[in-house]
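Q: Below, each chain spelled out in residue letters.
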Amino acid sequence: MTDSNNVPNSPDLSVHLKQAAPIALDVAFGCHRGELVALVGPSGSGKSSVLRCIAGLNTPSKGRVTCNGVEWLNTDQDLNRPPQQRAIGIVFQNYALFPHLSAMENVAIAIQDGGAEQRRKRAQQLLEAVNLGGLERRKPHQLSGGQQQRVALARALAREPSALLLDEPFSSVDQATRRKLQRELAALRRQMVHPIILVTHDLEEACLLADRICILHHGQSLQIGTPAEILSRPKHKLAAHLVGLTNVFEGEILEHRTSTKVTILRWLGYSLETLYRPELPVGQSVDWVIPPQHILFHQRVRPSRGERENPVHGVVAELIVLGDNASITMLVDKRDDTPIAFNLPTHVVHRNHLEEGDKISVSLQTNGIHMMLPEGIHNQ
Amino acid sequence: MDWPALAISLKLAFWTTILLIPLGMVIARAIAWRRFAAKGFVEALIALPLVLPPTVLGYYLLTLFSKHAALGSAYQSLFNAPLAFSFEGLLLASLIFNVPFAIQPMQRAFEAMPRDVREAAWCSGLSHWRTFLRIELPLAWTGVLTATILTFAHTLGEFGVVLMVGGNIPGETKTIAIAIYDRVQAFDDQQAATMSALLLTFSFVAIGFIYFINDRFKQRPQ
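These protein sequence lines are chains H and U, in that order. If you count the first sequence from 1, position 131 lands on 131 in the working numbering, and the numbers rise without skipping. If you count the second sequence from 1, position 171 lands on 551 in the working numbering, and the numbers rise without skipping.
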């Protein structure tokens, strides 16, 4: 979907919002046709406000929203189309179905054109598309949470929208239903040509469904990128924390080795090899992060060659077994301020007779170390 | 049975309800959903007839209706008839003392409607007018019905304000409640008993119906 060959340069939905109150917003992002962009952030980060501004339910003090070349909002020109004049389909967090109407009527009421019979047929098709055939006559309170969500989705599509907005659509259902609905959305997406904006506080859900993720914090878009970029190449320390990366440390650029194309990072007493970043000046202090999957445990029973890659030594401060996996926190050089967290399969823990207090060694993979300039200094 | 008095009462109740319910709906909706500085003050003003002695309300209305007051003199010059002790004056008074009975049930009904349901209607392309007709009204109908019945029944039963503003003119301002008082004064116990029994039955059936409707339809999960 994000293949640059078939995506036009200007996004189909482009959003710029700025305001100081009542909720501070400073957000800019775009979403292409068929693309799903997830707005992710903790509660209070302004993600729902952004969605409401796109839908025309809130008006920011400054902003511009365009969709398919049509301006929906342009505060500079006092243009602010009401929701009725913006071709949006929206699924609300609690679905907001019309409680007095049947599933069929809930969908049919949003169909703009055609006679009663045509609208009924189209509503029937939409309900069947979301696997609700046979439940057309049920009222919302006679439907399960998952079924209500499907009606809400069918209603959102009924308007033939130019953009689909989903506000925490999976938050009100149980885990099993959520997984099922997520799979259905992923399948349904393949037929969709609209830009889709998904608001969620669940990063895992965003990574499953989104082509790109926009991290929001206090109403500010901190970083936009693919799930892989967001998770392994955060823009700065705050973005790293917001995506749940805990292995964030401070170090200093020691040197750039042009011959081997590596940059050496000074951290505690170690000289760590990292990917070549010549734009970072020698002596510059940087924040750096390593995702847990790039930390390799040195087996006690069977040493391997990989152990020469950035070896770091410490003691096991915490070992928690959670089913098949164990989460381990290691204190480097026994210092309390340098906890490195990583995961191991439980059988590896048992085979190595690993216990809290044991001395262990790990390798920090060169390509997993990501250096970030401190906040306030512009990253390249 | 004083049939002309009953006719006046029914006519007054009919016009009060017909005029007050649409007007009350606009006000109830605005108070339920809008935020404005004087909201508490406006709500207090609406509830005032509930606690104010009818004689006090009647006294002020009578003052307003007098030929020497702006309202009374304007009416006099427009229609060449006094507002006080006329059916029209009585209707105006009835509209005012019924304000809480008309507005409060509808206000509660609109307040109970989730905001996102209306927003979902707008986002489904429904105009504000269609949203009102297709979504808001069907969801608030128990409140509207309650307000209608309460306004009608309360108008039939109101005594103090009617006596103050309308007096006791047969065929013009003499309502059934006044007629009962009139009959008691004249020691005509049988007439008074018949009319009282009629009002009692009507009031009980009306209130009972309101409770039945609200109980029946509020129970249903929405």
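Among these hints, one or two may not hold up.
Unchecked claim - Residues on chain H that point at chain U, a partial pick, calculated with CB under 10 Å:
hint	residue
1	R33
2	A156
3	R159
4	S162
The set of hints was computed from the structure by calculation and includes no laboratory data. Virtual Cβ for every residue (Gly too), placed ideally from N, Cα, C.
Q: Less than 10 Å between beta-carbons is the criterion; does R33/H satisfy it with respect to chain U?
A: 21 Å, violated
Q: Hint check: is the beta carbon of S162/H less than 10 Å from a beta carbon of chain U?
A: 12 Å, violated
Q: R159/H was flagged as interface toward chain U. Is the shortest Cβ-Cβ separation under 10 Å?
A: 5 Å, holds
Q: Would the hint on A156/H be counted as holding, given a Cβ-Cβ threshold of 10 Å to chain U?
A: Holds, about 8 Å.
Violated hints, in rising order: 1, 4; the structure is consistent with all others.
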